[in-house]
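Colleague: Chain order of the listed sequences is A and B.
If you're matching positions, the first sequence starts at 1 in the working numbering and goes up one per residue.
If you're matching positions, the second sequence starts at 183 in the working numbering and goes up one per residue.
FYI, nobody ran anything at the bench for these hints, they're computed from the structure.
Be aware that one or more of the hints could be misleading.
[To be verified] Now the stretches of chain B that chain A is said to cover, found in silico as 3 or more residues with beta-carbon under 8 Å:
1. 239–251
2. 267–278
3. 320–332
[Unchecked claim] Below are the DSS-like pairs computed for lysine-lysine, each with C-alpha atoms no more than 30 Å apart in a straight line:
4. A:Lys-90 - B:Lys-198
5. B:Lys-272 - A:Lys-90
6. A:Lys-16 - A:Lys-90
7. B:Lys-272 - A:Lys-16
Quick caveat, the model's predicted, so the values are computed rather than measured.
In this text, a Cβ means the ideal position worked out from N, Cα and C, and glycines have one as well.
There are 2 protein chains.
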Amino acid sequence: MRRADLHVNDAVAILKRTPLTISALLDGLPDTWAHATEGEGTWSPYDVVGHLVHGERTDWIPRARHILSGVSRPFAPFDRTAQFTESEGKSLEDLLASFTDLRASNVAELLAMSLSRSDLERTGQHPDFGDVTLGQLLATWVVHDLDHVGQIARTMAKVYVDAVGPWSEYLSILHDRGPGGS
Amino acid sequence: MRRADLHVNDAVAILKRTPLTISALLDGLPDTWAHATEGEGTWSPYDVVGHLVHGERTDWIPRARHILSGVSRPFAPFDRTAQFTESEGKSLEDLLASFTDLRASNVAELLAMSLSRSDLERTGQHPDFGDVTLGQLLATWVVHDLDHVGQIARTMAKVYVDAVGPWSEYLSILHDRGPGGS
């Protein structure tokens, strides 16, 4: 395994493409897939896209600005379930369009920050963890994208948990996580 | 959770978009991501794309034809590691282009089969499992795509397993599977 330090260009290579990845996975899909869940208390692909939209608005870039501003108060806590009210009345296509637009402007703002190695070592106060660096925040933004791409794939795969018959044994994604995870 | 029966149109909705999803995830990415693994004995995103190419050539549609032909011998076993020789000398972009072309012609062939509900109940002999239905084969094709999308996301996420610092606790994808899984 390569355990890499964060480099802004490598992070941006993922961040800028996630809207295209998620749109490729979901845009125009029947509800069989887009509204499937892994069971009670778990999220559908539609819910995940709403969560990503909320993150673009309130989490990553606002926290990066917070660190660079040097203020000592902790970050505002992130609301992990805001999408259950914010997505109301919006179609999957509305949410994908919002995510695409917000991500493009956030990546542009990240690049405009022209972060140096020493900027990446600057710290802010996480409400749970205490000191975190800007580099850790940006690495988390990347991994958070990939985590939700994996979650969408896993949730859709489980629609066919019975339909695959004996092949279930070879399809490890069907055995990852039970209801209650997200 | 919705545990759906297989419907050809729902399956095709996923199958036809997987090349775009995988290309969106990987096309043009730095080697930091494309050649990362989860450790000894695990596959990189590059390896996964080679495996998907081999499946298009030898697994799904050939097995569907085999079932519809009514012959009683078992399917030829599928070589899960063929990509380690077949991908030699090929770039990631070569493999993505092959996967895209092969998948498009395989989906066209699947649609041209105009499968009825009773066709989906027809059986073939799997070398390990014995009787499997055409419907189970097609559901497995879909889940196999999503399994590898999830694997690519997980493998890339782990590049930043250290870089995320204390956020690791919130990023469940970093704790799925150890070296040795694929």
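Colleague: Each hint should be assessed against the structure and marked as holding or not.
Modeller: How the hints compare with the structure:
1. 239–251: violated (count 0)
2. 267–278: violated (count 0)
3. 320–332: Answer holds; 9 residues pass the 8 Å Cβ test.
4. A:Lys-90 - B:Lys-198: Distance of about 26 Å is within 30 Å: holds.
5. B:Lys-272 - A:Lys-90: violated (43 Å)
6. A:Lys-16 - A:Lys-90: Satisfied, since the Cα-Cα distance of roughly 23 Å is no more than 30 Å.
7. B:Lys-272 - A:Lys-16: holds (26 Å)
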